[in-house]
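**Q** Chains A and B, in that order, are what the protein sequence lines are. If you use the working numbering, the first sequence corresponds to residues 1 to 114, in order. If you use the working numbering, the second sequence corresponds to residues 1 to 110, in order.
For the record, the hints were derived by calculation from the structure and aren't laboratory data. Careful: at least some of the hints might be erroneous.
What the hints assert, rightly or not - Okay, derived cross-link-like pairs now, SDA-like style, lysine to any residue, Cα gap no bigger than 25 Å in a straight line: (1) B:LYS93 x A:TYR50; (2) B:LYS56 x A:VAL96; (3) A:LYS44 x B:THR23; (4) B:LYS67 x A:THR101; (5) A:LYS38 x B:LEU45; (6) A:LYS38 x B:PRO39; (7) A:LYS38 x B:ASP16; (8) A:LYS38 x B:ILE97; (9) B:LYS36 x A:ALA87; (10) B:LYS70 x A:SER40; (11) B:LYS36 x B:ILE49; (12) B:LYS36 x A:SER80; (13) B:LYS93 x A:GLU102; (14) B:LYS67 x A:VAL96; (15) B:LYS93 x A:GLN11; (16) A:LYS44 x B:SER51; (17) B:LYS36 x A:SER39.
Said to hold, decoys possible - A short list of chain A residues far from chain B (calculated; beta carbon distances all over 12 Å): (18) GLN6; (19) VAL12; (20) GLY16; (21) LYS17; (22) THR26; (23) LEU45; (24) ASP62; (25) PHE64; (26) ASN70; (27) SER72; (28) VAL96; (29) VAL114.
What the hints assert, rightly or not - Restraint ranges, calculated between C-beta atoms of paired labels, are given here: (30) A:GLY16 x B:THR30: 36 to 46 Å; (31) B:GLY15 x A:ASP77: 46 to 56 Å; (32) B:MET53 x A:PRO69: 32 to 42 Å.
Idealized CB from N, CA, C, for every residue including glycine.
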Amino acid sequence: DAMVIQNPRYQVTQFGKPVTLSCSQTLNHNVMYWYQQKSSQAPKLLFHYYDKDFNNEADTPDNFQSRRPNTSFCFLDIRSPGLGDAAMYLCATSRVGDGSTEAFFGQGTRLTVV
Amino acid sequence: GEDVEQSLFLSVREGDSSVINCTYTDSSSTYLYWYKQEPGAGLQLLTYIFSNMDMKQDQRLTVLLNKKDKHLSLRIADTQTGDSAIYFCAESKGSYIPTFGRGTSLIVHP
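Whole structure, please, built from the sequences with the hints as guidance.
**A** Right, here's the structure in full:
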């Protein structure tokens, strides 16, 4: 059974049109992450939530925002997508503080900007 | 330089062993991971090793860690065509904020 679910798997959006990607988890993990992965590059952390605390990476563009309304759900909002934002977006979760060892990833959402 | 580095490509013949190498810079990393990514899919954890271990074996997979040199390797025995994928090395403290390399594309040919 999928434990980290991302919707949709594929998203096409118009240049400049706001888009939201969603992630849900059934693991009750306290940390949720959003990574951006471009072809032949390492997954790059955009931001993460540690419980309700939002942690933004210093080089994440202002165009990218996130919301975590409850433990299970986390959203990635791209306010004005540009062509350079086309990528695979990966959501991940982990439980920090009890000796857990790994992060669990969703299947990703591939974003195309036209 | 990048925090986690890997070679980008590896090509092996079916049935041979594959060895994928990785170096990292953070000596305080506590966990080191190998993730597998198939085309169009997310990341699947293959195996991990604690930083106080030298080796871990899991069926066809053997992970070797040289903490002094900050070098991690993944050996896949009897490589099959189904092993063709991108393999990512990652490190973290606890399970917090894994940092990834660029991935090694493993190509298995008959």
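**Q** Would you mind marking each hint as holding or not holding in the structure?
**A** Hint-by-hint comparison with the structure:
no., hint, result
1, B:LYS93 x A:TYR50, "holds (14 Å)"
2, B:LYS56 x A:VAL96, "holds (23 Å)"
3, A:LYS44 x B:THR23, "holds (18 Å)"
4, B:LYS67 x A:THR101, "holds (18 Å)"
5, A:LYS38 x B:LEU45, "holds (20 Å)"
6, A:LYS38 x B:PRO39, "holds (13 Å)"
7, A:LYS38 x B:ASP16, "violated (30 Å)"
8, A:LYS38 x B:ILE97, "holds (19 Å)"
9, B:LYS36 x A:ALA87, "holds (18 Å)"
10, B:LYS70 x A:SER40, "holds (23 Å)"
11, B:LYS36 x B:ILE49, "holds (15 Å)"
12, B:LYS36 x A:SER80, "violated (32 Å)"
13, B:LYS93 x A:GLU102, "holds (10 Å)"
14, B:LYS67 x A:VAL96, "holds (23 Å)"
15, B:LYS93 x A:GLN11, "violated (33 Å)"
16, A:LYS44 x B:SER51, "holds (23 Å)"
17, B:LYS36 x A:SER39, "holds (15 Å)"
18, GLN6, "violated (8 Å)"
19, VAL12, "holds (15 Å)"
20, GLY16, "holds (26 Å)"
21, LYS17, "holds (24 Å)"
22, THR26, "holds (15 Å)"
23, LEU45, "violated (7 Å)"
24, ASP62, "holds (21 Å)"
25, PHE64, "holds (17 Å)"
26, ASN70, "holds (21 Å)"
27, SER72, "holds (18 Å)"
28, VAL96, "violated (5 Å)"
29, VAL114, "holds (19 Å)"
30, A:GLY16 x B:THR30: 36 to 46 Å, "holds (43 Å)"
31, B:GLY15 x A:ASP77: 46 to 56 Å, "holds (48 Å)"
32, B:MET53 x A:PRO69: 32 to 42 Å, "holds (39 Å)"
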